[in-house]
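*Asks:* Go by the hints and put chain B onto chain A.
Chains as they are written, first to last, in this note's numbering: chain A, 1 to 445; chain B, 446 to 609.
Check each hint, because a few of them may be wrong.
[To be verified] Capping the alpha-carbon separation at 20 Å, the derived lysine-lysine pairs in PhoX-like fashion look like this:
hint, chain 1, residue 1, chain 2, residue 2
1, B, Lys-575, A, Lys-414
2, A, Lys-56, A, Lys-104
3, A, Lys-307, A, Lys-338
4, A, Lys-360, B, Lys-511
5, A, Lys-200, A, Lys-403
6, B, Lys-511, A, Lys-271
7, A, Lys-188, B, Lys-586
8, A, Lys-80, A, Lys-68
9, A, Lys-80, A, Lys-104
10, B, Lys-586, A, Lys-403
11, A, Lys-200, A, Lys-360
12, A, Lys-271, B, Lys-575
Just so you know, these hints were derived from the structure itself, not from any lab.
If you're wondering where the values come from, they're calculated on a predicted model, not measured in any experiment.
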Amino acid sequence: MKKIIISLFLNFLFFSHTSALIEVDITRGNLDPLPIAVSPLHVDIKSENFKDLKIKNLGDEIAEIIEKNFKSTGLFNPLKKEAFVQKPDIAHLKPRFEDWRLIKAQALVTGKLLIKDEKLKVEFRLWDLTAAQEMTALAFTTTPSNWRRVAHIISDKIYERLTGEEGYFDTRIIYVAESGPKNQRIKKLAIMDQDGFNTKYLTLGNELVLTPRFNPTNQMVTYMSYFRNMPRVYLLDIETGTQEVVGNFPGMTFAPRFSPNGKKIIMSFAKDGNSDIYTMELETRIVERITEHSSIDTSPSFSPDGKFIAFNSDRSGLQQIYVMRSDGSNVKRITFGKGIYGTPVWSPRGDLIAFTKMHKGRFYIGVMRIDGTGERLLTENYYQEAPSWSPNGRVLVFYRETKAGDRGEGFSAKLWSIDITGYNERKLSTKTDASDPSWSSLLSK
Amino acid sequence: MNLGEKMKLETNLKNILLVVFTTLLLSACSTAKKSADIDGDVYTGKETVEYLASGVPDRVFFATNKSSLTTKSRETLRKQATYLRKNKNLNVTIEGHADERGTREYNLALGERRANAARDYLMTYGISGKRISVISYGKEKPVNPKSSPISWSQNRRSVTVKVN
Numbered sequence: 001m002k003k004i005i006i007s008l009f010l011n012f013l014f015f016s017h018t019s020a021l022i023e024v025d026i027t028r029g030n031l032d033p034l035p036i037a038v039s040p041l042h043v044d045i046k047s048e049n050f051k052d053l054k055i056k057n058l059g060d061e062i063a064e065i066i067e068k069n070f071k072s073t074g075l076f077n078p079l080k081k082e083a084f085v086q087k088p089d090i091a092h093l094k095p096r097f098e099d100w101r102l103i104k105a106q107a108l109v110t111g112k113l114l115i116k117d118e119k120l121k122v123e124f125r126l127w128d129l130t131a132a133q134e135m136t137a138l139a140f141t142t143t144p145s146n147w148r149r150v151a152h153i154i155s156d157k158i159y160e161r162l163t164g165e166e167g168y169f170d171t172r173i174i175y176v177a178e179s180g181p182k183n184q185r186i187k188k189l190a191i192m193d194q195d196g197f198n199t200k201y202l203t204l205g206n207e208l209v210l211t212p213r214f215n216p217t218n219q220m221v222t223y224m225s226y227f228r229n230m231p232r233v234y235l236l237d238i239e240t241g242t243q244e245v246v247g248n249f250p251g252m253t254f255a256p257r258f259s260p261n262g263k264k265i266i267m268s269f270a271k272d273g274n275s276d277i278y279t280m281e282l283e284t285r286i287v288e289r290i291t292e293h294s295s296i297d298t299s300p301s302f303s304p305d306g307k308f309i310a311f312n313s314d315r316s317g318l319q320q321i322y323v324m325r326s327d328g329s330n331v332k333r334i335t336f337g338k339g340i341y342g343t344p345v346w347s348p349r350g351d352l353i354a355f356t357k358m359h360k361g362r363f364y365i366g367v368m369r370i371d372g373t374g375e376r377l378l379t380e381n382y383y384q385e386a387p388s389w390s391p392n393g394r395v396l397v398f399y400r401e402t403k404a405g406d407r408g409e410g411f412s413a414k415l416w417s418i419d420i421t422g423y424n425e426r427k428l429s430t431k432t433d434a435s436d437p438s439w440s441s442l443l444s445k
Numbered sequence: 446m447n448l449g450e451k452m453k454l455e456t457n458l459k460n461i462l463l464v465v466f467t468t469l470l471l472s473a474c475s476t477a478k479k480s481a482d483i484d485g486d487v488y489t490g491k492e493t494v495e496y497l498a499s500g501v502p503d504r505v506f507f508a509t510n511k512s513s514l515t516t517k518s519r520e521t522l523r524k525q526a527t528y529l530r531k532n533k534n535l536n537v538t539i540e541g542h543a544d545e546r547g548t549r550e551y552n553l554a555l556g557e558r559r560a561n562a563a564r565d566y567l568m569t570y571g572i573s574g575k576r577i578s579v580i581s582y583g584k585e586k587p588v589n590p591k592s593s594p595i596s597w598s599q600n601r602r603s604v605t606v607k608v609n
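Extracted from the complex, chain A is given alone in its bound form (with noise of 0.2 Å):
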């Protein structure tokens, strides 16, 4: 176990000392993930049939969806079936560890699953092969066809259990999915599993629909729509699908975002053609301005504690971003870097900034410390932006568009994600065109 936990904090150790001496960070896939070993889970021949689930192939449903987990971290390397040594019930029970250590495997997963009374009851358990002892332990019951679901909760403890910092398996990301030529661009609100898993449109595509954004506290969403071409910010609850004009305010509304506690919502409010940032209270109503300048200034995101709020504004000429106290007070420009300066999104641990940058026709996704120093660049690209956190902050996704052709051929909108540290960049699968990602917190939580 200790041996575990060692390499593991030695990855970590090595990420972050690497990355502060480069400044776009291009390597990749020269570290050294953890060989980890995912049994396929026991399906126990007791189990009862339910709707159209095919029982007998869970158990191999839910270890490959750990598999695809773990493998989309970086930090893991699963091992591939065909070498395992022992069947998925007699591993279950007591695994021989020198036999799993013999396919290098350093962590073993284990589990098994039984349907009965329309009841998914999974167990599984966590093994360190080389200290040859159980890790974790964790049984729980749900409705069979949350199986997906109990996938993801499961890797999100093993991850808890190896990195000693919280998952974000168990997550959804909305974003807006986008179809048809790029200069009639439909575009709908689009939510998913953070696997990719599950698609659903909340929205038909009949107005302009972009930037949404979850409530961190719940499944609450802010978005802003064109809807009877008025382009305001609105709220929507992805359970009951209601929705509703945030404010009344008499012209366009845009850039929302939550406060972390989730009882307000931070935008900008353009009146006479100036652009400043309001904050609105949910419960009472309550409008606040909280920026007043004849400068665009948008964008804004509050920090996790709720004191500060960053946000960009041309107000030295070019786009930068600035931190200000959240009445309004003490406004900092805190990006003197070349180049302009975009999207600030403070990260959940409330030490780092993601931010775009668009340098010399380049665009950049980066994190920086809250002053504006330790200016870290992830990712160069032709067009990239609107970074989002994962939950644990330990991951970025965002958006990349490609160039198009003389009739917009060649155009392309994606989610890609990358590790803080600057590696694992990777494209998210989407059923359609995409962009303007937004992460969920943990739903389990």
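*Replies:* The following block gives chain B in isolation, referenced to the frame of chain A:
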């Protein structure tokens, strides 16, 4: 702005070079013509332009990240103002747009600022603000979908649209 001046200078230099180049070759290729339709990165050509009435262009163009009106834009807007004075029952919406090379939310604000720059100018020429509504589309509705400096310059625009 320094940057604007520098870009203007660069474009001017490019234009001079182009003229020299085309003269030398004694041929005018179409891309050279297109590049000549840009002045200090503001589009000055006629492609994509529509007309509210004969001789009254519906749109004006802007420099990157800017919402200031050029001499040519003011001329266009004066024509629009004259037209609107003659057609007293006509109301318009001014749509503000940005190119795709900026963050989405900032571009929404920029489009708003551009539409209002055009509206303010029409108002100084005696058109009631009540007749002119504005809407920003940011970078959401490019008129030219190509990813090139010329199409970006055509997309940085405010368009006056009749609503009745």
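*Asks:* Can you list which hints this structure breaks, lowest number first?
*Replies:* 1, 2, 3, 5 and 11
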